[in-house]
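Q: Residue numbers (my numbering), protein chains in the order written: chain Z, 29 to 503; chain C, 3 to 1014.
None of these hints come from the bench; they were simulated from the model.
Just so you know, not all the hints are guaranteed correct.
[As the list claims (entries may be wrong)] One-sided and incomplete, this derived list gives chain Z residues near chain C with beta-carbon spacing under 10 Å:
no.: 1; residue: Trp96
no.: 2; residue: Gly97
no.: 3; residue: Val171
no.: 4; residue: Pro175
no.: 5; residue: Ser177
no.: 6; residue: Asp272
no.: 7; residue: Tyr433
[What the hints assert, rightly or not] Restraint-style ranges between C-beta atoms, simulated for each label pair:
no.: 8; chain 1: Z; residue 1: Pro260; chain 2: C; residue 2: Pro912; range: 23 to 31 Å
no.: 9; chain 1: C; residue 1: Asn618; chain 2: Z; residue 2: Gly353; range: 32 to 40 Å
no.: 10; chain 1: Z; residue 1: Ile285; chain 2: C; residue 2: His738; range: 24 to 32 Å
In this text the structure is predicted, and so the values were computed from the model without any measurement.
Yeah, the Cβ is synthetic: ideal placement off N, Cα and C, and Gly gets one too.
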Amino acid sequence: MSKTYEYVPEPALVKGNHDFKDITAMVTDINMRPTPTAWYIAFGISNILLLLLLVSIAYLFWEGTGIWGLNQPVGWGWAIINFVWWVGIGHAGTLISAILFLFRQGWRTAINRFAEAMTIFAVMCAGIFPAIHVGRIWVIYWVFPIPNSMAMWPNFNSPLLWDVFAVSTYFTVSFLFWYVGLIPDLATLRDRIKSKFGKLIYGTFALGWRGSNRHWWNYEKSYMLLAGLATPLVLSVHTIVSFDFAVSLIPGWHTTIFPPYFVAGAVFSGFAMVLTLMIIVRKIYKLEDIMTVDHIEKMNIIILVTGSMVGFAYAMEFFIAWYGGVEYEKAIFIIRATGPYAWAYWIMIACNVLSPQFFWSKKLRRHVAFTFVISIVVNIGMWFERFVITVTSLSTDFLPSSWGYYSPTFWDVVTYIGTFGLFFTFFLLFLRFLPMVAVAELKGVMPQADPHNYDNDGNYVPPKVEIPEPTRKSV
Amino acid sequence: MSDQSNQTTYWKSLNELAQNEEYKKYAEREFPENATELTDQVSRRSFLRVMGASIALAGFASCRKPVQKILPYSRQPENMVLGEPLFYATSMPFQDSVTGLLITNNEGRPSKIEGNPDHPASGGRTNIYHQASVLGMYDPDRSRSPRHDGEKVSKEEFYAFAQEHFSDNSRRVLFIDEASSSPTYHRIKRDVLNTFANAEWVTYEPFSENNAIEGTQIAFGQRLRAVNHFDQADVVVALDDDFMNPQSGKNSVENALKITSRRKVDSVEDSMSRVYSIENAFTNTGSYADHRLRLKTSQIAPFTFALAAKLSESVNGLDAFSGVSNDFSNHDWIEKLAAELLNAQGSSILTAGAEHSAETHAAVAAMNLALGNSGNTVTYHQLPYRENRNEHEAFLNAVNELKAGAYDTVVLVGGNIAYNAPADLDLAQALGNVDTAIHLSDYYDETSRVCNWHINRAHYLEAWGDGLSFTGQSSIIQPQILPLFDGLSEIEFINTILTGEVSTGYDLVQETWSSEIASDFNRRWEEILHEGLDTETGFGTETVSLSGNFSSSLQDALSQQAIDGIEIAIKPDVRLFDGRFANIGWLQELPEPMTKITWDNVALMSASTAEKIGINPRRSFRNNDVPKVRISAGDSTIEIAAWVEPGHADDSITLTVGYGRENIGRVADGVGVDTYPLRTTENMFVQAASVEPTGTTYEVASVQDHHTLEGRDMIRTATLDEYKEKPDFATFESFHGFEVPGMKEAEARGTADQGPVSLFTEQYGPEHQPQWGMTIDLNSCFGCGVCTIACQAENNIPVIGKREVGRRRAMHWIRTDRYYEGDVDNPTAYHQPVPCMHCELAPCEQVCPVAATTHSEDGINQMTYNRCIGTRYCANNCPFKVRRFNFFNYTKEYLTTGDDPEIIQMAMNPEVTVRFRGVIEKCTYCVQRVNRGKIKAKIATGSRKPEDGAVKTACQQACPANAISFGDLTDSNSEVSIQKRNDRNYVMLEEMNVRPRTSYLAKLTNKNPELT
């Protein structure tokens, strides 16, 4: 005996009943319209911030790392915090494009291009910090295993060296992945754009894409392979970043929970950043039909899950500190919560653990303005998480005689603000010149791309699926 | 100053360059006599030999850098190997005693100072003043020429003036000098007084032993110096006497060496003397003592009399005190101290701080006599050069006469009386009014500016001289370099005044000694120069007996009461003494041993006094701001930062002097607050004062922000009795109650001798010899900080200034951590020197991405500066936080100060790289000394294993407590191996399994069971 179940269809990923042409126009017209004044204003502000970054880096190179607030117990400060923070933000892009691709999550297509671009620019911002925070920038190339007259390899035991490899690999693969995904859309732009120069540029980068079956076949294969390559990287890069801390012996750093905890935190902050940007962009470029409230809700659920994972990690750290019985470990967690940096700790807890809990409410997680606020709060919280980890552990470690407080200087702050200049400069260029939604992929998840289950009028008819009733035998 | 800045030499031909006057001068100055031929007529051959390098440099230099000339020896002096330092014996005078030293001399530049092992005041050890004096000599801010009415003049002009002015023997001349023990100086002084019939000669030291000597006058009717033999004593009672520190004890090194030697514990059989300290501010001696009682400074005298009264019940000779009854008569300590002293008759020492009243010293002297200590643990000596008068009163009388117009000429031999004499004397005014005032001094200072004539003084490392040690052994001071700034020594100066002629210090000293040395002058002279002292000399010991009118002369003092309300005590500064060392960066940056403050003086007070005044006794961990207070006494008011010192006596404020300088030099100017205005003839030491908060704050740079151990095990301590019961009290297991994690597994594997099991490849390589290791005996360390300065001198560690220290970037490779334990009002303090631990499984080495820090096969954790890229990961991962980072180009700032940087560069150790911006540095176990030792051993024996004691680290060599042992761990008979086998041996953070090579010996205290 069998029973017929009704298959509950997912709501359409693209609202507003657009056809393919509409979608193409919605996305690529943005690149072909004359540049809006607002873009110039935003770009100008970003450029000023970028200049600020360049000035602060130049001054840093001239004077030395002493211009920052670093001191004797606290050898790593804002530079490393910002590095981890930006790398973490970068996570969302690859997770959305690679992992969600492999899991066949169709909704990713609305945001993957956009999120990947964010990843690349965030990793660029991140990559600046480990390079400039060293004392002697002019010999930074010694961290690369290149043949040299000293006949010396770098120290392969050092997590910082793993970092060099992890971050550069991650950047390379993310970039390739992004570019491969862009090719069909670049061809679309090439075909649509009027200016000769535009045709030349887009045409060059479209690599002769004609949309032939063979092209699509190759494209799908390579995209799939790159997604497979990028997936472990999503996990590995932040794992290795966490090794910078976990491999050391400083209390509060030396914990095995760090890799999963860092990855969860990275996804958490990355999704928050995607949301922040997306909520603005969908409004300005009128892409609400593509980046729908359903997308926001899904992302909010991920934020809720990863935020709770992070919260769980915080709790586990405390538990293990107590359970592990190492007195320095115990002390550092008590100091974090009650000591000189308690303010930072409680900002972190409030932003990262408490604020996502609002998303248990369906109403709130579908509320765009509220989501926007929380997404910013989450990124503030994640910055403070890195601050708490980096600074408190160093500031109050083993020997109480060495304990010392760390405060940033003007230049710490300016360098950080400057990286937003770099990020938004690139991001605005991306919005202006590249299709911010993966048009070809998006079309693939529209109902029109799946010509089954429609009646003659083009109306969707849910398939009737027969699922056998569980029998005693089969159980 | 500018004569060097204009040095850039442009030349058209070799001839022109060769004729360059300044060039020849430079050559003369940098190298000792007879080292170069250039002083003579330049012969073509030798000239060409020396020119090569300098021509090359000069060619470059004319483009952008000032000309720097180097000059090899054209004829190698005997015994000199280039690159091999030579060691010369000399002595450093400090007030009227000298300490024997050995100077490391690199190609004519003295660069490092060590103690002379044969000298009794040194025993091979030094204090911070000795270590820092070499930088004092290379101080570019020292005065560089005589001045007349503020204008620079030549030395010849002064000679001409002196000859003319002092040709009139009837001149009414007042000489005011610093304390000196130099036989030559006193010989010329006698001649001066004989020649100038109307002359008066007085001595002024702002902090002298005058009161102690007057005390013996009251007690014994003789003016004598008390010498304490701490190594003989079983019980030591220090009455506000920080005798282990140099500001309070002219023979602090000897004191420290002796008292710690009596308290060395190698096994449970050993005994320790018991030290009591009764004091106002927490001092190093107080922290070293087994029992410490905090009393207001003004309570010390009543306490002393009460103690004497108690003792008078049991011993003869203290009748003067019987019946004395004051606030302390029933004090808990009096009875117990008395019992303790009576038990140790003939083997105890009472000693009082030099600043305390003559009556207090008299009481102490009488007690030492009554207890039978005199002649045993305390000996009394006549000072041959000292006038039999109260020198301080003589000075005051002379100043009054000066003001009354009794003198037309004042000659100031050293000193800085306009700055440091009692404020009410207003000597600046008085000196300004006198017709002729001549001041010999190192700096163009406060006094120089009010005198007509200023003569720049030669440093003791630059000039011939002589002197007597604290116990009277005579030494010759031999110069290590020609005077950098062409200064005059004291003896040359007064000799010029006496004779109007110019004689060299060498001739003057020889003249004195030729009458001392009976026969075979040259041989004996050279012998004394070589040995650093004449071993056959020394003060005769006086037998003392109580003076007849002892009782009556004490009567007034006995009823003296402590100051009601808040008192201030003005003391010499541990680092700057009376201000004479104010321009020495090493000392300014040395953390004050108890407060850990650098670059400032503060008003020390207890927490409850702070609350009483109305300031918050809690210091913020987050910033360096501390409240300021306004202190008014008499007519003077100062504003100074208040600093709460745990263990300070209540209602009492301790101030130190020497700060608040203006126009002295780049280092001293603007540092701290001048407290001398509060010091008057009536109130030289302690007085009542009113104190109120100003409501403002002041930034203080302290190197330690957290002061308790939080129950951690870095310091392990027990009483002597507990140790005897449980000799292994210091092990990890005894301290924590469980074994080090991983030890059981290691035992099962049979590797327990190397430590717990580890994931890492063992770096410990016993198959390679030698293997270096260090122990630091916390039972000996009293936290003086000389290791820090010795290390700074040896390893070219830069001075970074208050701002950078305040940002917690101090560069010292060895620091002394100071922890308080117990009650905030009455804590115990512990000192722990922390250099690099040279971990066998060093966590720093694992994390460096470029392998800039690695292990040597003889067990040293090495730092390769020119491979370092400055990620600071190693510093983060160092559990002991001993790694230091060059956040800025500190060395450049430090070594290019002012317009002639080469002067301070000359103080650098040529064997140690100076570090550039952006690299990590840290203790190397003085690897340059280790390698020199290995090379020497290899040459001598063919083995790279130096014999034990041949290699000493700078900190070890300087330590006056003999707390640091260093040597080869593969030699089971080496000192360090023996120390490591001591029951009390432990390493910090043993459970981290980093296996430090530097270990500690736990601290012991010899508690009086009655008092605990």
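Q: Are the hints correct? Go through all of them and say.
A: Checked hints:
no., hint, verdict
1, Trp96, "8 Å, holds"
2, Gly97, "7 Å, holds"
3, Val171, "5 Å, holds"
4, Pro175, "15 Å, violated"
5, Ser177, "13 Å, violated"
6, Asp272, "8 Å, holds"
7, Tyr433, "5 Å, holds"
8, Z:Pro260 to C:Pro912: 23 to 31 Å, "54 Å, violated"
9, C:Asn618 to Z:Gly353: 32 to 40 Å, "37 Å, holds"
10, Z:Ile285 to C:His738: 24 to 32 Å, "25 Å, holds"
Going through the hint list in order, the structure does not satisfy hints 4, 5 and 8.
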